[in-house]
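Here is how the chains run, residue by residue.
Number of protein chains: 2
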Amino acid sequence: MSLTLPLEFLLEIDKLKAVYRQTTVACDNNRFENSAEHSWHIALLAQVLAPYAEQPIDVSRVTLMLLLHDLVEIDAGDTFAFDTQVDMAAQSQHELQAAQRLFGLLPAKQAQAWTALWQEFEQAQSADAQFAKAMDRVLPLIQNMHNQGGSWARHRVSRSQVLARNRYLEYSAPKLWQFACEQIELAVSKGWLTAE
Amino acid sequence: MSLTLPLEFLLEIDKLKAVYRQTTVACDNNRFENSAEHSWHIALLAQVLAPYAEQPIDVSRVTLMLLLHDLVEIDAGDTFAFDTQVDMAAQSQHELQAAQRLFGLLPAKQAQAWTALWQEFEQAQSADAQFAKAMDRVLPLIQNMHNQGGSWARHRVSRSQVLARNRYLEYSAPKLWQFACEQIELAVSKGWLTAE
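Protein chains in written order, with this note's numbering: chain U, 132 to 327; chain X, 132 to 327.
Read the hints as simulated data drawn from the structure, not as lab findings.
Treat the hints with care, since some could be wrong.
Note that identical chains are pooled: a pair holds if it fits in a single copy or bridges any two copies.
[What the hints assert, rightly or not] With a Cα cut of at most 20 Å, we get these calculated SDA-like pairs of lysine to any residue:
1) Lys-146 <-> Phe-163
2) Lys-240 <-> Glu-313
3) Lys-146 <-> Thr-215
4) Lys-240 <-> Ser-191
5) Lys-146 <-> Arg-162
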């Protein structure tokens, strides 16, 4: 038969279910979250929080961007947001190669479109990408606040690190930025973040 | 502060990460899949297979439908597709109550829209819903074919059961139906499905 289903892509992306993050799931602080279930959660987060976007966004595009954003981790692994030892240039190069390999399993037109969408997310210049990045920052905050500090507390992360990381919110969703700042102060007061 | 983030909804849906299905992940036939990572996978499946839809569909709507479709399992549990002992009427009632409780945690307008979208999926009448249902059927087939029969082999499922379950494909994506039929015959020949 001549049908050329991109089966290899569909099976290959399944491996994202075996990439584990530093964040635990909100429903069980002892169970680390994988990047596939994270990608599902964040896609719905964007749908729910879209009304808070300061600039006009295309929520369907943002959703697809978020469904794809972590696929490169299949080859390049998940890097902990607050790991200062990571060689960011090497990691970016590794992720670019991963994107080319994975999206290269798709029909040419879709391969091109999805690579461009992933790059747009990485570059974080467009309103859609900035809002998507903001979602990727605020979801772990919500989970950590629910889990007595979660990955922040386990790795002794500081207030200034989390403030810097959530900065996308300030411009793309100011009301969420206000929320994040309040939550961060609360986390410091509880000892889940260091005060520096 | 007056911001009324639907935090309760965002934390509540996290529980879908603890609802396990009968299907194993393609990357590890010993690890059962949860409904959150399944929902992520199926949303991307729909994006990839949308060109096979026989009727015009709105792929963004289908994607959101699939991101939401299993949320009711948080209260109602996952029922195995080939379990003939399930009281379907009672299960439907349970799922409807779950939808009302969960979507009821959202702002009123979104609660109404998402409940309607979930009901549209369940009723499987619209082109969008039929294609979404077809995706929900063909993904476990792809996974089981990769995993030496997977949940079919473990539960001694028959060819006729899988053919009946994949029937949505026949009308919504005939080329995928042809693919499914071929895969099903292959599974019978390998002893992964019984021949009845």
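Inset, instruction - Measure nothing new, just compare the shortest in-copy and cross-copy C-alpha distances for Lys-146 and Arg-162 to 20 Å and report within, between, both or neither. - result: For Lys-146 and Arg-162, the Cα distance is within 20 Å both inside one copy (18 Å) and across copies (12 Å).
Inset, instruction - First find the shortest C-alpha distance between Lys-146 and Thr-215 inside one copy, then the shortest across copies, and answer within, between, both or neither for a cut-off of 20 Å. - result: Classified as neither; 26 Å inside a copy, 32 Å across copies.
Inset, instruction - Check Lys-146 against Phe-163 for me: Cα-Cα at most 20 Å, and say if that holds within a copy, between copies, both or neither. - result: both (16 Å within a copy, 13 Å between copies)
Inset, instruction - Tell me, please, which holds for Lys-240 and Ser-191 at an alpha-carbon limit of 20 Å: within, between, both or neither? - result: Both: 19 Å inside a copy, 18 Å across copies.
Legend entry - Intra- versus inter-copy proximity for Glu-313 and Lys-240 (alpha-carbon distance at most 20 Å): For Lys-240 and Glu-313, the Cα distance exceeds 20 Å both inside one copy (44 Å) and across copies (27 Å).
Of the hints listed earlier, those the structure fails to meet are numbers 2, 3, in rising order.
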